[in-house]
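Once you have looked at the hints, place chain B on chain A.
2 protein chains.
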Amino acid sequence: MSFSETLSYPSFNFDILHRHAGTQARVGKLKTPHGTIQTPNYIFCGTKASIKNLSPAMVKEAKTDIILANTYHLMIQPGAELVAKMGGLHKFMQWDGPMMTDSGGFQIFSMGHGSVADEIKGRSNKGRDKSLLKITEEGASFRSYRDGATLTLTPESAMTIQRQLGADLIYQFDECTAYHVDREYTARSMERSHRWGDRCLSEFERTHDGSQALFGIVQGGVYEDLRAESCAYVKDRPYFGTAIGGCLGGSEEEMHDVVSWCMPQIHPDRPVHLLGIGRIIDVFNFVKMGIDTFDCVTPTRIARHGMALIRGLPDERINLKNARYRDDPDPLDPSLDISASRDFSKAYIHHLLKAGEMLGMQLVAQHNIAVMNRLMREIRAAIESDTLDSLQQEWIPA
Amino acid sequence: MSFSETLSYPSFNFDILHRHAGTQARVGKLKTPHGTIQTPNYIFCGTKASIKNLSPAMVKEAKTDIILANTYHLMIQPGAELVAKMGGLHKFMQWDGPMMTDSGGFQIFSMGHGSVADEIKGRSNKGRDKSLLKITEEGASFRSYRDGATLTLTPESAMTIQRQLGADLIYQFDECTAYHVDREYTARSMERSHRWGDRCLSEFERTHDGSQALFGIVQGGVYEDLRAESCAYVKDRPYFGTAIGGCLGGSEEEMHDVVSWCMPQIHPDRPVHLLGIGRIIDVFNFVKMGIDTFDCVTPTRIARHGMALIRGLPDERINLKNARYRDDPDPLDPSLDISASRDFSKAYIHHLLKAGEMLGMQLVAQHNIAVMNRLMREIRAAIESDTLDSLQQEWIPA
Numbered sequence: 030m031s032f033s034e035t036l037s038y039p040s041f042n043f044d045i046l047h048r049h050a051g052t053q054a055r056v057g058k059l060k061t062p063h064g065t066i067q068t069p070n071y072i073f074c075g076t077k078a079s080i081k082n083l084s085p086a087m088v089k090e091a092k093t094d095i096i097l098a099n100t101y102h103l104m105i106q107p108g109a110e111l112v113a114k115m116g117g118l119h120k121f122m123q124w125d126g127p128m129m130t131d132s133g134g135f136q137i138f139s140m141g142h143g144s145v146a147d148e149i150k151g152r153s154n155k156g157r158d159k160s161l162l163k164i165t166e167e168g169a170s171f172r173s174y175r176d177g178a179t180l181t182l183t184p185e186s187a188m189t190i191q192r193q194l195g196a197d198l199i200y201q202f203d204e205c206t207a208y209h210v211d212r213e214y215t216a217r218s219m220e221r222s223h224r225w226g227d228r229c230l231s232e233f234e235r236t237h238d239g240s241q242a243l244f245g246i247v248q249g250g251v252y253e254d255l256r257a258e259s260c261a262y263v264k265d266r267p268y269f270g271t272a273i274g275g276c277l278g279g280s281e282e283e284m285h286d287v288v289s290w291c292m293p294q295i296h297p298d299r300p301v302h303l304l305g306i307g308r309i310i311d312v313f314n315f316v317k318m319g320i321d322t323f324d325c326v327t328p329t330r331i332a333r334h335g336m337a338l339i340r341g342l343p344d345e346r347i348n349l350k351n352a353r354y355r356d357d358p359d360p361l362d363p364s365l366d367i368s369a370s371r372d373f374s375k376a377y378i379h380h381l382l383k384a385g386e387m388l389g390m391q392l393v394a395q396h397n398i399a400v401m402n403r404l405m406r407e408i409r410a411a412i413e414s415d416t417l418d419s420l421q422q423e424w425i426p427a
Numbered sequence: 030m031s032f033s034e035t036l037s038y039p040s041f042n043f044d045i046l047h048r049h050a051g052t053q054a055r056v057g058k059l060k061t062p063h064g065t066i067q068t069p070n071y072i073f074c075g076t077k078a079s080i081k082n083l084s085p086a087m088v089k090e091a092k093t094d095i096i097l098a099n100t101y102h103l104m105i106q107p108g109a110e111l112v113a114k115m116g117g118l119h120k121f122m123q124w125d126g127p128m129m130t131d132s133g134g135f136q137i138f139s140m141g142h143g144s145v146a147d148e149i150k151g152r153s154n155k156g157r158d159k160s161l162l163k164i165t166e167e168g169a170s171f172r173s174y175r176d177g178a179t180l181t182l183t184p185e186s187a188m189t190i191q192r193q194l195g196a197d198l199i200y201q202f203d204e205c206t207a208y209h210v211d212r213e214y215t216a217r218s219m220e221r222s223h224r225w226g227d228r229c230l231s232e233f234e235r236t237h238d239g240s241q242a243l244f245g246i247v248q249g250g251v252y253e254d255l256r257a258e259s260c261a262y263v264k265d266r267p268y269f270g271t272a273i274g275g276c277l278g279g280s281e282e283e284m285h286d287v288v289s290w291c292m293p294q295i296h297p298d299r300p301v302h303l304l305g306i307g308r309i310i311d312v313f314n315f316v317k318m319g320i321d322t323f324d325c326v327t328p329t330r331i332a333r334h335g336m337a338l339i340r341g342l343p344d345e346r347i348n349l350k351n352a353r354y355r356d357d358p359d360p361l362d363p364s365l366d367i368s369a370s371r372d373f374s375k376a377y378i379h380h381l382l383k384a385g386e387m388l389g390m391q392l393v394a395q396h397n398i399a400v401m402n403r404l405m406r407e408i409r410a411a412i413e414s415d416t417l418d419s420l421q422q423e424w425i426p427a
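Chains as they are written, first to last, in my numbering: chain A, 30 to 427; chain B, 30 to 427.
Hints may contain errors.
Same chains, same names: a pair is fine if it fits in one copy or spans any two.
What the hints assert, rightly or not - Subject to a maximum C-alpha distance of 30 Å in a straight line, what follows is the list of computed DSSO-like cross-link-like pairs (lysine-lysine):
| id | residue 1 | residue 2 |
| --- | --- | --- |
| 1 | K375 | K114 |
| 2 | K60 | K264 |
| 3 | K114 | K89 |
| 4 | K383 | K120 |
| 5 | K350 | K120 |
| 6 | K375 | K89 |
| 7 | K375 | K317 |
| 8 | K163 | K92 |
| 9 | K317 | K350 |
| 10 | K383 | K163 |
| 11 | K375 | K92 |
Hint data in this document are derived by calculation from the structure and do not stem from the laboratory.
Extracted from the complex, chain A is given alone in its bound form (with noise of 0.2 Å):
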């Protein structure tokens, strides 16, 4: 195992255009095989290779300009050879614009934990399913949900899968662990995060054609300590990004600890992604710490419940379901440019959510990815007129 302290990226760059005055929010350039994207962005979860009932035409009409799929969920069904087979996740899904992959660790220890998700954010993680079997230097072995077969994935085998899959923007295998292990499992886990990453650099550049680029994830769970020491072993890797990942706390205040520890001691130039973190307010608060690029399942989890974002709301969002909306005329959002905002009554949106027809979820679900399309539009405007304390005043009044 070896790779090369040179490890270049001729197709990828990224260039900060722009500084707010007074915090770390910045404005830059991130340029792929598949276009060049401004940041801050948003990239939206296709889980499946697919954004939840969108089709291709409905994500673009709605401005997004990068998505994402999971490692994971692909290598189940239908299988990372297929998706190669015909012609990698872009030609697959008919997605032409920037794609990422994440590693699969993700999944496979919040299914093995419960859901870290759940963890993150002070759910319970009860009843669930736990598929994960073993993890060991190898690598870890899981359950199908699909099957029942035993699967494996190693660092090797992750960088095998993404090159497959062919996103632009491919991820380290790491263990994301859970909020309750103990600082001990955390240590041992982040190192052994750690070796995988170094094994992850050499099979990247085994491999390396100059189609994809390959991010560092810093872990080290709610520990100051460790957290300095992985963003250490990133900064000084050549991955092309930083992601930054792992437990992030019990409560919106160690989230915001853990990321304060870490952006000054990851690399200054390349790009950063906060995984799996996403609401409004988050958004906000990350990108005055620097935070580039976020991606989260909200937009389009939500928008199954009936949940709708809305710009200028304290809380962000409003529930079509609610009686009241029942009789409302008006549309969700006129002042989007698309059909599912302006065209159509939150009276008839209800009344879709009421009778279960799967054309209300698709709608809410496109408004909303176009509220934060617009938001991230907005927050790159309001970091060049350094003047995002009055943005977000106007997206979330006090």
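Structure of chain B alone, referenced to chain A:
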């Protein structure tokens, strides 16, 4: 109760433009306040004011001319008053083309007896929830599937509700008898449906503003003399159009017989709708007997089970869940000018269906609608060139 024999429909018109040599097939032009369509044509089911999982833009992209919604479902949720308050069905669901509503009778009686569709098609009606409570001369009472409340539909309220919904083509209230009922019941029911029809005409004329046109429905089950009596009833009344309804029999042959008894006896100049029948083979068979419009849930319902309609197959369709499509790189039909049929591989749609991704059903539903609309366009052209038989060979090779 009374109505004028000369009830007229100045905003509507039906012209027969061409008749196919050697069959009763005809091309016509049906004018409504929301546009003029060519016939034969196919009316797609938007049961609860939504074509399953497709936005109106997608329905139009598939070249749809006309859709329907169901009075029964809409009176239960969200209620016809609410739809009226929101400006009527066209505005509520953002469909600005021609639209039809049925009277609600079919669903009341199909849920009362088990499914009439099952009866017509010879399937078992065991285990269905029976919600019909009582049929009297006044009307029918039934239990709401939403909250168990007792609801009543009468000829007069069926007209009021269809006025509130505001579709272009509306239907008399009738009882749709099941296959298992005997001749005596069928006769009594038919006579009552005729009396209900007269009450519908009376109520319709009382509120006639020219924006809607009323269809009468031929009943009489599988009994030739009753069908003759019912054809005479509808022909002698000032309905705008004729629908052939009720039980059409337990086999293809019986269905064919029932329609063949009716066609020579109905009004020759009015548009003729065949209720609830709509496979590709049915469309060919009944177009040749003179049917002008069809409706059926089949194209969208089978999509939810992964069945895609394909031109040129004896079975009309393929099952995309079948393992043979796992690595099929070809699209469903690139000659159809929509992304769903042209851009996505069968392998991708197979994956979406296997993974339970709603986008799979959405793509297949839009494809199936596009196929049926293409069928109707080609059928109209074939009638004009007297080549229906060879077109049928192309669509469904023997």
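* Go through the copies and call it for K114 and K89: within, between, both or neither, with a Cα cutoff of 30 Å. => within (25 Å within a copy, 34 Å between copies)
* How do K60 and K264 come out at 30 Å by Cα distance, when the copy is not named: within, between, both, or neither? -> Within one copy only: 20 Å inside a chain, 71 Å across chains, cut-off 30 Å.
* To do: Could you place K163 and K92 in one of the four classes (within, between, both, neither) given a Cα distance threshold of 30 Å?
  => neither (42 Å within a copy, 54 Å between copies)
* Asked: Can you tell me if K383 and K163 fall within 30 Å by alpha carbon in one copy, between copies, both or neither?
  -> Between copies only: 28 Å across chains, 43 Å inside a chain, cut-off 30 Å.
* Status of K92 relative to K375 across identical chains (alpha carbons, at most 30 Å) -> Classified as both; 22 Å inside a copy, 27 Å across copies.
* To do: If the cutoff is 30 Å on CA atoms, where do K375 and K114 land: within, between, both or neither? Let me know, please.
  => between (44 Å within a copy, 13 Å between copies)
* Asked: How would you label the pair K350, K120 (within, between, both, or neither) given a Cα cut-off of 30 Å?
  -> The answer is between: 20 Å across copies meets 30 Å, while 37 Å in one copy does not.
* To do: Evaluate K375 and K317 at a C-alpha cut-off of 30 Å and name the case that applies: within, between, both or neither.
  => neither (34 Å within a copy, 45 Å between copies)
* Which holds for K317 with K350 at a C-alpha limit of 30 Å: within a copy, between copies, both or neither? -> neither (34 Å within a copy, 47 Å between copies)
* Go through the copies and call it for K375 and K89: within, between, both or neither, with a Cα cutoff of 30 Å. => Classified as both: same-chain Cα gap 23 Å, cross-chain 22 Å, threshold 30 Å.
* To do: Pop the pair K383 and K120 into one bin, within, between, both or neither, using alpha-carbon distances up to 30 Å.
  => between (36 Å within a copy, 19 Å between copies)
The structure fails to meet hints 7, 8, 9 from the earlier list, while all remaining hints are met.
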